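Engineer: Please build the complete structure, drawing on both the sequences and the hints.
Count along the sequence shown from 1, then add 282; that gives the number in our numbering.
Read the hints as simulated data drawn from the structure, not as lab findings. On a predicted model such as this, the values are computed, not experimentally measured, just so you know. Relax, there's no trap hidden among the hints.
The following label-pair restraints were derived from C-beta to C-beta distances:
(1) E327 - T376: 19 to 29 Å
(2) K294 - I383: 24 to 34 Å
(3) Q292 - V338: 41 to 51 Å
(4) D298 - A341: 32 to 42 Å
(5) R330 - N351: 15 to 25 Å
(6) N351 - P286: 54 to 64 Å
(7) F346 - L287: 44 to 54 Å
(8) P320 - I401: 15 to 25 Å
(9) E314 - G386: 26 to 36 Å
(10) L387 - A354: 28 to 38 Å
(11) W305 - R375: 17 to 27 Å
Cut-off 30 Å, straight-line C-alpha distance, at most; resulting in silico cross-link-like pairs (DSS-like, lysine-lysine):
(12) K290 - K307
(13) K306 - K377
(14) K293 - K306
(15) K306 - K294
(16) K290 - K306
(17) K307 - K293
(18) K294 - K307
(19) K377 - K307
(20) K377 - K294
Note that beta-carbon positions come from the ideal geometry of N, C-alpha and C, so glycine has one too.
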Amino acid sequence: MTRPLSDKQQKKLADDARLLRAWKKFHREEREAVLAGPHATTLGELFRMFANIECVRPAQLVGFIGAINWSAIPYDTRLVVLHELNSAVTAYRTKRGLEPIDDGLPGEPNTPFRTIKAILFPHVADVAPAEAQLGSNTETPSKTGHVA
Numbered sequence: 283m284t285r286p287l288s289d290k291q292q293k294k295l296a297d298d299a300r301l302l303r304a305w306k307k308f309h310r311e312e313r314e315a316v317l318a319g320p321h322a323t324t325l326g327e328l329f330r331m332f333a334n335i336e337c338v339r340p341a342q343l344v345g346f347i348g349a350i351n352w353s354a355i356p357y358d359t360r361l362v363v364l365h366e367l368n369s370a371v372t373a374y375r376t377k378r379g380l381e382p383i384d385d386g387l388p389g390e391p392n393t394p395f396r397t398i399k400a401i402l403f404p405h406v407a408d409v410a411p412a413e414a415q416l417g418s419n420t421e422t423p424s425k426t427g428h429v430a
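Structural biologist: Following this line, the structure appears as structure tokens:
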């Protein structure tokens, strides 16, 4: 037997539902703006691939994305593309009973998602905090190579 929710719990559930609806509306509007923008033809095809991700091989997706001139596409548009890819991949994995996110461990080959992210944001791909780098310690070498 379940207990009825307190007023505080009901208010929190209602607030969470409202925030989720607002978040989904925001991303829907962002997606619509991208598909109405100057890169609509290319990105429309890419989003179609995301919608049918179970029929697309990872190499095809990486190849298609690699053929796009991302330097001509604004940063905020690339963020929308990354969000759409993330949503498609997590839905695909969840539907098959897998963990939603599996980026692998350091030293393992990149997943298609990480490869695509590096294509979309090449200037960020090789940057990682010292704590995240394999085998790093708190000492950092100076420009001459000596530990400071």
